[in-house]
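> So the chains spell out like this:
There are 4 protein chains.
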Amino acid sequence: VSAPDYQAILDEILDEVQLLLQQGDVANYIPRLAHVPREKFGMAVVTLDGQVFQTGDAREPFSMQSISKVYTLTLALDAIGDKLWQRVGREPSGNSFNSLVQLELENGLPRNPFINAGALVVADVVLASCADSRAQLLATIRGCTGNAQLRDDAEVALSEKAHGFRNAALANFIRSFDNLDHSIDDVLDFYFYQCSLAASCVDLARGFLFLANQGRCPWTGNALLSPDQAKRINALMLTCGTYDAAGDFAYDVGIPCKSGVGGGIVGVIPNVLAVSVWSPALNAKGNSLAGSAALERFTSKTGLSIF
Amino acid sequence: VSAPDYQAILDEILDEVQLLLQQGDVANYIPRLAHVPREKFGMAVVTLDGQVFQTGDAREPFSMQSISKVYTLTLALDAIGDKLWQRVGREPSGNSFNSLVQLELENGLPRNPFINAGALVVADVVLASCADSRAQLLATIRGCTGNAQLRDDAEVALSEKAHGFRNAALANFIRSFDNLDHSIDDVLDFYFYQCSLAASCVDLARGFLFLANQGRCPWTGNALLSPDQAKRINALMLTCGTYDAAGDFAYDVGIPCKSGVGGGIVGVIPNVLAVSVWSPALNAKGNSLAGSAALERFTSKTGLSIF
Amino acid sequence: VSAPDYQAILDEILDEVQLLLQQGDVANYIPRLAHVPREKFGMAVVTLDGQVFQTGDAREPFSMQSISKVYTLTLALDAIGDKLWQRVGREPSGNSFNSLVQLELENGLPRNPFINAGALVVADVVLASCADSRAQLLATIRGCTGNAQLRDDAEVALSEKAHGFRNAALANFIRSFDNLDHSIDDVLDFYFYQCSLAASCVDLARGFLFLANQGRCPWTGNALLSPDQAKRINALMLTCGTYDAAGDFAYDVGIPCKSGVGGGIVGVIPNVLAVSVWSPALNAKGNSLAGSAALERFTSKTGLSIF
Amino acid sequence: VSAPDYQAILDEILDEVQLLLQQGDVANYIPRLAHVPREKFGMAVVTLDGQVFQTGDAREPFSMQSISKVYTLTLALDAIGDKLWQRVGREPSGNSFNSLVQLELENGLPRNPFINAGALVVADVVLASCADSRAQLLATIRGCTGNAQLRDDAEVALSEKAHGFRNAALANFIRSFDNLDHSIDDVLDFYFYQCSLAASCVDLARGFLFLANQGRCPWTGNALLSPDQAKRINALMLTCGTYDAAGDFAYDVGIPCKSGVGGGIVGVIPNVLAVSVWSPALNAKGNSLAGSAALERFTSKTGLSIF
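Protein chains in written order, with the working numbering: chain C, 954 to 1260; chain V, 954 to 1260; chain R, 954 to 1260; chain B, 954 to 1260.
If you are wondering where the hints come from, they were derived from the structure by calculation, not from laboratory data. Hints should not be assumed to be uniformly reliable.
Identical chains blur together in the list; that is why a pair holds if it fits in one copy or across any two.
Below 27 Å or equal to it, Euclidean Cα-Cα: the simulated DSS-like pairs (lysine-lysine) are [claimed, not checked]:
1. Lys-1114 - Lys-1036
2. Lys-1114 - Lys-1238
3. Lys-1254 - Lys-1036
4. Lys-993 - Lys-1254
5. Lys-993 - Lys-1114
6. Lys-993 - Lys-1036
7. Lys-1114 - Lys-1254
8. Lys-1036 - Lys-1238
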């Protein structure tokens, strides 16, 4: 079979989601995110052979937020391998309400690396394994995306920290179970730094292609992870990558995805492509509302699915 | 690439799991299950083109238990389609401890169709849509497996009912939220009937092949579900099919699976094959201990994965 | 100091609560309760020396509901003494949402004898210790109240059973932990029978006087409980007697009380008197709205308090 | 009736509890508490008319810990009265496991002022209402106890802060609901200061006498609280004063008590006396093991009870 006409499909989707852009709520817990216009919409596809397709605001950088957790997990797995799973689980979290009680019942072991509690532990692991964690993370993402200009937004990080009482609560709680080695401040600073990195749809589709390619960046040939590790990150994205909507995403979209409250979502179709979408307004579960719909249309129109 | 030598791989696995057969605990809440020898081990693969590979006790019937939930879900989806999701969710359950509190917090809507609460609602839907639900279910499973002798074990069903206070508690609780239409007894009787159906590894690998084949039985051509519905059941199995170990299964095995406390597990590799395994002793999460290891080895040795 | 003028105080309260009678909601899960006029209000005081004071509808019988749990607890303590506490706890339940998860976390041991789960275990104990539990319970209440006409309302019991899915869920769940010896139906039937007993304010003030009198009925001299046991039932009423408002009651009213969804509340001032009130409309916590206010005024006007 | 012979009773109890002093565990989360010898035992009674009875180590100061929460609550109630209840509840907490999930479900409103979460809010209220909160608290306790030498133990406060990740987690979590006005550090510093105050049994029995005397210090005549407020603090101690054992205390001891992990417990018998006990080793619920037994014997031997 010939490949789908990705460009035509992206353009169709751009048309179809227009009405949805008025629905949902833009994240408003910090001013920098609150001021992003809800009309923004971008989408990009990058195939394993290097073709790039894009539509809308696909070149405009936005705040990666939780999407960055895939990269810190990559660094942590590369550094300590499966020992990571002695400090964080691999199961879906059930629902957000459980986050704290779950930590208590399970002795401070976060359910998975993509909930905030788990990402704090992953951040602690990265801090332990890199001389300069920020530089290492930035270099990794710049390498994967091929965008040497990609950088953090210090104002976002500062705002997040100023409003980050829940994350501080989580960090202190995990620390009370001896599951953090670094100081609360160091862990939170690195965590807020990673969330503040800004990337465009094209950056992110390119930047996740190594997960569709057995852990290896297709154009540099650089192996970030072993083939097994890459598959396993995909598995984690499928079961835990979209907050409490992982089941709905698996059912409706059918591919591993990671979302962020900045409105971005990135998906991986192993051995084929990576796809990313951005639309700032979120649905009740904290995923981009139009972005979720766009990805559902994309897999439906292309017939692509891992199932 | 040529296909793996499935027969050699199954035989290797049979050797490798021998030591594991002494570990774990055979389900003991009813005598019929408790008396199954822990030494039993069978495994079978059936490919889309109809080849059958098997090893060990792959022809010996065992109690399907929760594996049957895939078939009642198939009947319910066929009957009322996506309306089903108004009565049951599609998200992983987090952990078993949540089952009842989750029902309370979410107004009697079970988290997914594979936890017991959800299967009771699915049973209620099937009761509403079939004149003779038992006959319909049995005919469906006989059709899929090609085994016209496949049948229930009435002693198992009776024992389960006699010890089924938790399921009766769940049914009454769901009923208090008006999410069951039939009498508690009718729902429980049908539920215990479905759990008591007995099938062999070869039966089950054959019987799940329609899910690897876009919803269509490969040898009869009979469509049980639309291609989309088949994909979605696979997605549900991946995120919710193995109790509270779905994340571990996705990570370690990497394919959609459904397990039962009888010690059976069935997995689906879309467009390629179905694989099943049976070993009665269970691990702490209620999945066959040696069976889980066998499936992990199978996908590792064959390189098959959906990720 | 001379005794307060109880009659004047009751009459004042009757005036003061009139506006409150329009607030709150009459229990509506069964028709018999739903049809009780919200304008009803009665209040009665009986002192240790036998004086009776009353106002409003204090002679009209209403459904005792959970108030009857004090009598079944009395029978159970009399029968097996402190062994009861091996099967039910003595701690406040925290909040209603916990009832089922609490049972699960604490292996089927209900938190206290006044939550429904605990009352089902108490009912099971009474069933084991009395040849005819209903007759024994009725004789006890008739004896305490001095009302030989006091009886159950069979229509209420039948309606409760027909809508009693939550209680059936609880009973099955407790049974799954082996903390019920009798059949689910026997336990539920006795439980619904006790809830359906009907008594007036005067009956109940008289009927609780033994708890203000060291466990002994003041006019017959009959000892239902030892002085220690009577004190302890008062302690349980204070910490657990008014659903999830026990803390508020202790704070605002300051005496041990037991309430029921029929709108009755009975309070005990050790060595002084018993007081009861009835007003059918309930507040958000399930206690009589005007009745709670009336008791608060009563202890405030009389200066009576255990603190 | 003549008063019991308190001195004889205290001496009897001192004998009777000797064997218990080997049971339980001394709090060991900070060295200063861990090094207190488990053989210590003191008990004191002070009657409303000023008589002091004591036995054992009743003059030796120990760490007040949570007992100090009664004084900060006194200051907060004096400062803002019943407005306090807009920021903290008055219900028992059910069980410790709930602390965080309860905060989440109830929007950051702690269940009562004696759980840590509630005491942090109370500390925040005191910080807002006193120019120098520490000085004010110390002056209040010195005044009530009549001990002008009573002071804090700075090493305890520092150690508590160094290990106080759970309290920091709680403070951050409450802050995320906007239920703290001061900085996390200020609130925690004041909280750890109050916990580090050291007092003897005689100090504490004297120091709680105002609660047995309508809010008024018997020998200075100074009113710390209104009679109503004093009753209400007694009610709160009864329902919430001994961690998750409030129901057991009400049942077994029968008087309002407040305990601390330093091994102290103070009880109040309204209009009669205050009683305090100290024994460092704690039972599973965090209350002094021998101290709980001693209080049970005291109320049993004297016949004193509020019920």
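> Could you tell me which of the numbered hints above are not met by this structure, giving the numbers in increasing order?
1, 6, 7
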